[in-house]
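Using the sequences provided together with the hints, build the complete structure.
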Amino acid sequence: MEILVCVKRVPNTGQTSVDSSGQLSSANAQHILNPYDEYAVEQALQIKDQIPDAKITIITMGSADSEEVIRSALSFGGDGAILLSDPAFENLDTFHTSLVLAKAVEKFGKADVVICGNKAIDADTWQIPPQLAAHLNWPQILFVKKVEAVSGESIKAQRTTDDGYDLVESQFPVLISVIKEIGEPRLPSLKGKMNAKKVQIETWDKAALGLGDEVAAEKSFVKMAKYDKLEKSIDGKVFEGEAPQVVEQFLKALEDDKVL
Amino acid sequence: MNYFLTEQQEAIQEVARQVANDVIKPIRAKYDESAEFPWEAVKGMKEADLFGVYIPEEYGGMGGGILDLVIAVEELSRACGGVSLSLAATALGVIPIMLYGTEEQKKKYIPECASGDKLAAFGITEPTAGSDAGGIISTATEDGDHFILNGTKQWITNGEVAEVYTTVFMTDRQKGARGATAFIVEKGTPGFSFGKHYDKMGIRASATTELVFEDCKVPKENMLGKRGQGFMVAMKTFDHARPGVAAQALGIAQGALDESLRYAKDRKQFGKSISSFQGLQFMLADMATYIEASRALTYAAAKAIDSGQDRFPKESSMSKLLSSDVAMKVTTDAVQIFGGYGYMKEYPVEKMMRDAKITQIYEGTNQIQRSVIAQNLLKELLKKS
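So the protein sequences, as listed, match chains A and B. Position in the first sequence (from 1) plus 218 gives the number in this note's numbering. Position in the second sequence (from 1) plus 4 gives the number in this note's numbering.
By construction, these hints were calculated from the structure, which means they are not laboratory data. For glycine and all other residues, C-beta sits at the position ideal for the given N, C-alpha and C. Watch out, some of these pointers could steer you wrong.
In silico contact screen, one side only, chain A against chain B (beta carbon under 8 Å); selected entries [what the hints assert, rightly or not]:
| no. | residue |
| --- | --- |
| 1 | Ser407 |
| 2 | Leu408 |
| 3 | Lys409 |
| 4 | Met412 |
| 5 | Lys415 |
With a straight-line Cα cutoff of 20 Å, these simulated SDA-like cross-link-like pairs (lysine to any residue) come out [unchecked claim]:
| no. | chain 1 | residue 1 | chain 2 | residue 2 |
| --- | --- | --- | --- | --- |
| 6 | B | Lys50 | A | Phe326 |
| 7 | A | Lys415 | B | Pro131 |
| 8 | A | Lys415 | A | Asp340 |
Covered by chain A, per the in silico footprint, the following chain B stretches (three or more residues, Cβ under 8 Å) [stated by the list, open to error]:
| no. | stretch |
| --- | --- |
| 9 | 9-23 |
| 10 | 50-56 |
Structure follows, in structure tokens:
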């Protein structure tokens, strides 16, 4: 069984800023593995716990800097990695990003399950998983909170809804996106970490994926016109001093506001 | 300071630090209070592959040496010197098998300890035999293909939670120090039970019990090393394991410095951070300097062991002596920096001070370490002249 896990290198959103042209700048931010993708890796590992000969391949689209997050994802456990990198892949909208990913899934050829985190903390669009499934013309189970059963040819998963969940079964191939209810990601093990250093990362560019000029930033349907900082709607109040006094002041403020 | 660790040693450091922060830190106060054994932390260390860092790959380990063990124990002890001891004490039980075990014994016992599936323990101390290991009165009497073990071992770390016990008994009392023999005893062997569970000042997350042997029959193939080699097994084991205690002390001290730095920066008195006062800065500088000196000596001792030198009791004792004395001083100063808060159980430093104390006492008191160091200095002098 072959599992592909899509991951993304994202800026630590607490460290980003908006520059003078109204564009988001992450130049000074530390970059990390998208936390939601850790759940995708964890889900892959949970499947591997049940089907030990399942192979997990990590895939990401980004610059050469993405190697660090690929190795970080591999350190939880993983057998291979693919980096999709090409100058034409910079600043793509979700439609084109998912198109590139779809071409890579097709080139990989043998994936039974593609697992994504349900969103990324930077752009927060939630669009990649459904678009990727659409490009592939694959069934999709989104917002999975639990995989109930998995065999060599099908998967049965709980899809979260507003009222509870739907139990959905799909034959392979299938794309699933997971939410954090699938369980806290395990810690990287020493063997995983050492293995992650050794895994050869394959790099595929536009030509390798059989893509032409249809993939370019200027072909994007969606462009970010301007970012703006959220104005604070409520002024916070800071209590200072020793803990007992701070607690006393806080309780009094809650009483004054008739919260208590 | 850059110690030029290998890629694998750096990975051990990262993984152990993550286990310390994510698994051990949140539960350390709970287990310090309850004095129950922290199986959930053992599971975390096991899943991170930390139990086998110093064990050769052919026995299921990661192929590192004592320095690898030291790095793991140090990082884990930064969060809790009691929890980390379940791993360090397992090493103390496994090392004699690595040093003296037959191929069969190594294959039988080491892989399960390397994976963390089973814990191990080492038992030599008795009511009448502490610093003077010659005071052992527990006996092993030959009986056909077996030995019959009788006696009590006290203050045994990992007692009852371990599955594999390396212990020393008198087989030939009239031969004195050459009359002791080491044995491997498995939990569940008829006649082997656990007595008192000790209520300790510190390292309360560590299990410490009596081992009670009443006509406990073990097959001869459980003898470790040769008959009469028991004290040599114990002494060589301690030579290898003392940097592990040094690492525990070092980790406790580093943990106390980490806490002290954060607190000193945040705490305000007289309208400013107390870290701006020179009196406090000098304390922090001393703490950091002593810790770095202990680390340098401990890593150097571990490297000497890993280089395959034959004997290194002096270096091994020095690392344990310095690091444990530093841990006691640094943790006491940490409580001082925290002031009244430091004396309260809501903050972690009073626990660190209690945990540090044992490192000056066990695996040979620091007075014994000084004796070992002095004896070796004098021996070296004799050799030179």
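Now the hints, each set against the structure:
1. Ser407: holds (5 Å)
2. Leu408: Holds, because the Cβ-Cβ distance from Leu408/A to chain B comes to roughly 4 Å (cut-off 8 Å).
3. Lys409: holds (5 Å)
4. Met412: With a minimum Cβ separation of about 6 Å from chain B (threshold 8 Å), the hint on Met412/A holds.
5. Lys415: Holds. Min distance 7 Å.
6. Lys50/B with Phe326/A: Cα-Cα ~35 Å, so violated.
7. Lys415/A with Pro131/B: Roughly 50 Å between the alpha carbons, so the hint for Lys415/A and Pro131/B is violated.
8. Lys415/A with Asp340/A: violated (27 Å)
9. 9-23: holds (count 8)
10. 50-56: holds (count 4)
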